[in-house]
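Asks: Given next are the chains, with one letter for each unit.
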Amino acid sequence: MENINKINRRNFLKLSGLSGGGLILGFNWSSCNSPKDITPIKTMPKEWFGINAFLKIGDNGLVTIYSPNPEIGQNIKTSMPMIVAEELDVKWEDVIVEQAGLNTEWYSRQVAGGSQSIRHGWTSLRMAGATAKQMLVNGAAKQWQIDPSECSVADGIISNKKGESFGFGDVAKVASTMEVPKEEDVKLKKTEDYKIIGTDRGNVDIEEIITGKPLFGIDTKREGMMYAAVLRAPAFGQKLISVDDTEALKVKGVQKIIKLQILQRQKFKGENVMLDKIAVIANSTWAAMKGKKALVAIWENTSPAENTISHKIALNKLADSKSKKPVRIDGDPNTAFAQADEIIERTYESPFLPHNCMEPMNFFASVTNEKVELVGPIQTPEWTRGRIASLLNLIEEHDPEDKDAAKIAREKAFAKIDLQMTRMGGGFGRRLYGDFALEAVQISKEMETPIQVIWTREDDMTAGTYRPAVHYKIRAAIKNNKIIGYHLIEAAVNGNMWSSLADGFPASGISNYQCDNHSLESNVSTGAWRAPYTNFLASAEQSFLDEVAQKTGQDAVQMRLNILNQAKTIFDAHTKLEEEIKDKEKLKAAKQGLMAKGNYEPDRFIAVIKLAAEKGGWGNTPLGIHLGFSAFFSHNTYVAQIAQVKIVDDVPKVDKVICVVDCGIVVNPMAATNLIQGGVIDGIGHSMFGDFTFENGQPTMENFNKYRLIRMDEAPQIEVHYVNNGKSPSGLGEPTLPPAGAAVANAFHSATGVRMYNQPFVKDNKVLG
Amino acid sequence: MATYNLNINGKMQTVEAESDTPMLWVLRDVIGLVGTKYGCGIAQCGACTIHIDGQAMRSCQLPVSAMESKKITTIEGLSADASHPLQDAWRQHDVPQCGYCQAGQIMNAAALLSNNSNPNDQDIDDAMRGNICRCGTYNRIKAAIKTAAKNS
Ligand code: FES
Ligand code: FES
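Residue numbers (the numbering used here), protein chains in the order written: chain C, 40 to 808; chain F, 89 to 240.
It is worth saying that the hints were derived from the structure and are not from the lab.
On the chain F side, residues computed to face chain C include the following (Cβ under 8 Å): (1) M89; (2) D117; (3) T124; (4) G129; (5) A135; (6) I163; (7) R179; (8) M216; (9) N227; (10) R228.
Here the structure is a predicted model, which is why all the values come from computation and not from measurement.
A virtual CB, placed ideally from N, CA and C, is assigned to each residue, including glycine.
Can you make the complete structure from the sequences, with help from the hints?
Replies: Right, dumping it as structure tokens:
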């Protein structure tokens, strides 16, 4: 199996440092959404006993579970602890959840990104719970002087055959001193025995959210803290010539104005490239923002100012150019296209997109010689800590060749940095890039005071790491009304990130296939945006297939199933060889000449499509309702959608979307459904309205008056269904977004006969074709 | 700086602030009530919604100097023990994703319900259009408002 399912033994080392009861923060009784008929333990324990990095147990049986990963609204702060609680076999009502701090010794992959938290955590979280349970059982068995195998556990109670029992709290102390059991001595539950996984559990932060308690990074307050607003270049590719701060300094409350030391541009595309910054430090947010507005700065272009029209022309030119090195070729595409009865070719265009997290970027830093305290919303705490250590030159000189010395130097530096993760008001990829955290650190260091950097919405929208503008040209060679060749060409600003995309559907389902990519270098910073790589690819591909089906007289669903059936023959041939031949070299030789398989399992894809067709009434549409079908696999999850469009007052309106998902085991259906609905609505919103343009290097939209986000009256009802196949869970933060645009575009087409090739579909309140 | 006497959540409070400071920042920075959120600063997102004499208003647009003699209610003061029918409905439907917009959504919905105890879909859409939820929890917000209307 992949190494993500390999357990990191050091995660289970007993951590005596966790005991002592001093670690309780923000305790909240209703945290676990207790139904009325269950009485949770009502008092706090006198003493806590750390069992492992994921949990501690109180002397009265109360359990604290640490949620390791950053929470951005994907609800892992509830669902990750649920997995631990399941294997620990404790009542969810007796669980308190706390956000863990950054600790790379105890946890692996403390990242919110790629929809991977649950998938990666699945084994280690279960093992954490099960190992702790085994230690508690061993503790009880020791006291009873029996073999642990004679004990049984349910809901936090350990019983023996004589009818005696201990609560977890009774044996927590002994258990905490026991040896950590060997991996092979720890048994995981069977899925059919689950009591918590697969049930609806409310958000553990619900009380704080609905009563307005401090919870988010922006809510951070510290003694002596000052506020900083930062002015950046108005356009990409500019440097600062001069700044006049006379008026700004007159703003009451403004304390100081400093130029930030210029950081070197990182080598990756996601870094904010506006290097020159001027920080206004004040005793209130309002004063800082006002001071920033009063600055008069002169900027100069260091590279040509870019604009949307020239991006468009250049991307189209790239999409038309010949690729030097295709990403994937199967069969003989050139011949297929030469022999075709008909070639269908379409181009799809989409703009840059800002992330627009509801909570604008912000970060708290307090930098002293002894210690760096950081609090804030960040999807990549570990990486950011490393960058801050370098920024502050905390890593002592060492021989670069000497790995151990490097490790010691890093650890010493990291020991000085305390990074606390807060709940995030959205991430969507923007908070992978810690430029705002680095700003806070720089300012705090210079000011020698605790600082909260806060971005205005205008800062947030105009100094982004945008989803790159991307065009797709797709061509299909048609013979006898069948697709015999398929050619996908991507042209993206800064090269939309690729990875194994070329292996996605319909690859391996069409005999002659080619995929090319082109990059347009730009000085606009770009990066990951919810479902990077695929958020527009799916729209283009699934719209294209719909049109091909229509033009060749095929049913849109059946045509996809036909492609998948062909992919299945390839997939099965691979599986057969893999089962028969264990020797790697021989296997490789045997696979010579066999088409590479796709990055998806055709059977799972087929199942999800069939269920969507059934639930969405495909082929059986009531009068006045127009359907659009779309399906996509990404982030290890299979999704199929049917959008229903009605014509209301001569305007097409998306009324409802049926969304079928195969993400394996659904850990917390109530939360999963929320996330799925949100993903679909996000996909529809950005397809319909998302528009972000540049003039003279400068974004022309700065706030929600010009940049349109989907609102309640535009959001359709999303009906969610799951394929229940008991497979290991995969994530849901992203995969329901990519197919949504095409589901809507295809439904618009069946309602109006008009095809949507370019996003956004709606501009100046008119639906475009 | 000037001194203002404000009635916030039923309590008189004296604050010092510049006269043009929006109530949003007075609440967050001066008084320490951070439940009211900043999202846009230009009356476009609704994250900063509070009640002024029972009506939903955007606190990013209300200078503190105009707030004396008004009854100000924030999410922290919506109910004494988190038992407003909307708060109950929010629990029942597990509405939030990231949660950042939710205080504003609840405050706006509370004003809607006090003006219209039985809103239909259209009424809810019209009233809630001003509140953006970037996470897209609109289905649940609407369902929760209906539940709250039924239970109040
Ligand atoms: S912050 Fe006031 S409406 Fe957006
Ligand atoms: S729940 Fe995230 S913005 Fe509404």
